[in-house]
Amino acid sequence: MLLFGPASYKLFGFIPGYIISLIIAVIGIGVFAYIIVRRIAPLVRSAPDHRTDNLAERIKKVIVIWLVQYRQPRYMLAGILHIVIFAGFLVLSIRTLALVFVGFSAGFEIPGFGGALGHAYYFIKDYAATFVLIACVVAAIRRGIFKPARYAAHKNYGTDHTVEAVFVLFVISVLMLTESLFEASGAAYNFNKAGQIEFFPPLSLTWIFKGLLLGFSFKTLQIVHVLMYFLHDIAFFFFLCFLPLGKHFHVITSIFNVFFMKLTKGKIKPVKYGVSEEELDALESFGVKKLEDFTWKHMLDFYSCADCGRCSDQCPANTTGRPLSPRFITIKARDLMFKNYPLSGKIYKSESLVGTIYTEDEIWSCTTCGACEEECPLGIEYIDKIVDLRRGMVEEGMVPQSLQKPLSALEKRGNPYGKMEKKRADWTNKEEFKEECEVKILEKKVTADVLYFVDSITSYDDNIQEIARRTSKILTKARVDFGILGKVEKDSGNEVIRFGEELLFQELRDHNIEAIEKCGAKKIVTADPHAYNTLKNEYPDLPPVQHISQFVAQKVISGDLSLGDAKNPEKIYTYHDPCYLGRHNGVYDDPRNVLDAINGLNRVEMKKSRDRSFCCSGGGLMLFYEPEEEVRMGVLRVNMAAEAGANVIVTACPFCLVNIEDAIKVAGKEGEIEVIDFTALVEEHLV
Amino acid sequence: MEILVCIKRVPDTAENEFELNSAGNDIDRDDLVYSVNEWDNYAVEEAIQIVGEHGGSVTVVSVGDDESEEVLRREMAMGADNGILLSDDAFEDSDSRGIASILKAEVEKGNYDLILTGAQADDGAAEVGGMLAAMLDLPYASLVNQIDIDGDKHIKVGREIEGGNKEMNEIELPCVLSIQTGINEPRYVGIRGIRKVAQIEIPVKGASDLGIDAGSVGKDGAKMKRIDYFVPDLGEGAEMLEGSTDEIIEKLIEKLKSKGGLA
Amino acid sequence: MAQIFAYIPHKDGVADDIAYEIQAAAGKLDSNAQVTAIVTGSGDTLDKVAGHLTSLFKEVIKIGHDDLAYPNAEVVRKALCNVLPSDAIILAPHNTFGMDLVPGLSIKFDSACASDVIDFEGTEGATLKIVRQVLGGIISTHNDLDISNGAVIAIRPGAFAPVEDGSEGGTIVDKSGDAGDISTKRRFLEIVEAEVGDVDITKSDVLVSIGRGIEEEENIGVAQELAEAMGAVVSCSRPIVDAKWLEKSRQVGTSGQTVKPKVYLALGISGSFQHMGGIKGDPFIIAINKNANAPIFQVADVGIIGDILEFMPELTEKIKDL
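Which chain is which? The protein sequence lines are A, B and C, in order. Going letter by letter, the first sequence gives residues 132 to 818 in the working numbering. Going letter by letter, the second sequence gives residues 8 to 270 in the working numbering. Going letter by letter, the third sequence gives residues 1126 to 1447 in the working numbering.
Once the Cα atoms are required to be at most 27 Å apart in a straight line, the calculated BS3-like pairs of lysine-lysine come out as: (1) C:1254 x B:226; (2) A:608 x A:686; (3) C:1387 x B:262; (4) A:604 x A:649.
So the derived list for chain A, only partly shown, Cβ under 7 Å to chain B, looks like this: (5) 412; (6) 525; (7) 528; (8) 532; (9) 543; (10) 634; (11) 635.
Bear in mind the hints are in silico, worked out from the structure with no lab data behind them. As the structure is a prediction and not an experimental result, all values here were calculated from the model. Think of the CB as a built atom: it goes at the ideal place given N, C-alpha and C, for glycine as much as any other residue.
When you get a sec, could you build the whole thing from the sequences and use the hints?
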């Protein structure tokens, strides 16, 4: 008697197996389709989003981030486990699909898999299943016993998902085991019966199981063979339908989420896609107030979150105990989507998100540093969502008192301090400086090749004005014909748009664009990364914009500027990447190269540097916001520098300078560690 | 509840550096920015919150020139239902009494249960609310930092008094209250909010519309007239006290005494 | 000039110290003035206050009534209207009570009104020249006040140097009978005391403000003692709050409270731009700091270079000895 496959086996002696297979498949696919349709319902009601541009770049993202899992090893153990399981899934998906057909037709073979290709595939597949099982066991031990801290749920935010995670690992393990047993039992039967030798890769699951099963009777092997098949079939369809019910929805959505992910950095999304700025006044509502105000991609983000906790692990707000954890921005929204759009029954009416699932402080706590987005292996974005929520809050008047004054000052005076416009260029009047360096004010037909865009803090803050004077000296030394806008310059608005005051930002931007056009400069330089970011990414049609570190790096190479020997060769320097220079604009190397061009200067890297730089607590309006927090971000940053063995922190941003200066005092590290601006270091070493 | 809030457009002290003009008889107004008086803004927020909870409407009124329309609009963007501008050349240079009598004429045209003013404005006099109440023969409370609506006959109000204490009163409606800052957290008004109300018509009323004798208000009617502005003498930089610790402390105590630093 | 009356508030049977300042202000207004004090209240405390004031004023009018037991300005105003001549010149303090009383009183008397007056600069005919401040105290103004039909003037506490205690041996006139109907539509209910530890530094005239120079949490007590001796309140700069040595409500600065004191004693505060942004109304600033280059010395009125930990205890001792 030959071995019956699942299709030809008669259950209870009379029900043909293929009928059972068919029923399982129809039910499985039907339920899955139904669930997916219900899951798509909120996306249909969502705000528009434009995500089909730049196809080549999108395909590249899918290959790099989704297929190659490029971001996974940033967390080494979890990353490798995930890559193993993910790769295993990709390999086994073919086999699983084939197995579904095996249920209908005995001896089904995937077209083209009859020969060498098939052998190669089976070889790989057997090992894939084995490694996936091992990875599942390790992962389950890690999640269930060691419980890494980043998976814990904050008491205010909800329950942790360890049970779900371990359960899914169990289901995956079942899939691996049943598939292997199905295969091994068949091979054992055939070997015992006909001496037919099937090759299995040594030490793979099938190889082991085959060895173990050889001693069993034909009857047992036949039962195991069929039983394992149906167990696998049921587990597969169960798994498929279970995925969209929780955090494992990402298994299905991730490829789409990565394909549609945001490609540009440093640029906030428009208030509403498809609505021009001129048409904004006609919009009934601004920003995100209720669930359906999110774009479909943002909703897809919510579905796609794997709850891996990397965003929150990197988030400086979460680290310092502010009431914000990006992971839960997503999880809470996803839970709400599940609740408001249940699998059966009617759809609930949405309520205001702020005040129900989010708090005002939670939304204001974000410094928009971008660490979360840099980390997310699924391309989930946060800054645009936070800004959209803030847009809604601004329209509803929900703005903390501490931010209302600077916003009103920005509206009236063009700077958050409420200082008078005519004093914006007062920093040029310091006597010793004036003798040394003349700064042109580009008005009344005075022109220059290069515009130095100073921005508010550097113009007005007594302690920060030095950056403006040093920048001017550096430009002068490089023999650049430059000037400033003076009193017609207004705040660049980088934080104004990020705090949700879209229309105020547009006013500031339009004013500045007009002034810049009028001044006739062919190039713009700034020493403020926040100004750099918004001028470069959010002001249309400007001349090229450079940060002073890029400018200096270029001039050092060209020989227009040269730097002498280190003045303090005994000191150990470390460079702190400002978020708006590094993460948002990818300027990591220029400032480092300049530091390294100073002969004899000792430089070390902090553990968290470059795209993992830790925000100092934000700039612009963030200086006015009063967060609840346990410790200041700056203090943690200063401690990181100390850990790296540095005694001088070099930064290239006026806000970083203010925050870290304060933090050194708060941390009680005065005398041990100091902070200086990039321009100070350069100016000091100019020869 | 029908609520009238009296508001004023003032130079924004937070966003201005005041200097005298070259003639020395006025402040240099060239670079000033104006906004709604801070206290008035709290009063409007309070009115909006009361109406939000108990129904009714909020009307904001201002005595001033055409530019005062800007602050009326801002408060309407905040949530006030109606705005009225009381403007007439005859109103110029009115003292507090003049302003109060102009407001009185408008109050009498309506049917208000509650009339709110800010506790004080840019001139720091804190007079208009009390004067308006006396002219209307309505009960009054100043420096109000709590309002509990517990009926339509009377309400409970808290007044902020010395030492951070609160004086609770029961006051009959209608009444006039002057509102102290900190009674609430005024909502933010963004550019968009203002644009939304940009097209709403704000009626402007002059002396004749209000039935006011032009001679009783403005400069002619004023019992107090401002003659000039001047900057009180301020030393430049700190006067450094030197000597032995004892000497320094002695000098310091003298300074403290003369400046009211010792209770 | 018409007769001058001084409304003297009192508490627990003791006249407010403003009495000495009002007497001084009256002297400045008219050096020949015969000033009549007015006190309202009830029972023994009223008699006690009136008796005490006879040493300072030639004549003391007392108005007693059960409804006047608590100084409800609405009630007081009615009583004064019934007792005083309509062309009277009435002086009162510009405080939370005065703001409640004064404007309405001037309307009832149809007389001139001036509030928060800090100086008088003489009379010409029926025109009194007064000085007051506008725009949060940044700018002062001269004003002509038409006192032909009397005036109600609220003077700023602390603006007039108080007179010495006198020995006038004045007489007490009981006008309780003239008060007439003083019923009003506003009824005093109770005083809700500020919560302990919930000090409102924005309302304090004198602030003892500490910064990083305090060095350790234990030293906060030293500053508290000094503040107590001065009758002041302790405030601080941000690092102190960050260190959780004081509550957030005590922080002065753009990210903390905006304060408008008269005197600001900055102890070990460097005077960052963020900190100074929270100080409004141009107070008299005294700065003590170890660092001679601290920016606070540029904005302070008086500066001392030294260690606050040395200065504070000695200053406290000396003030206690006064």
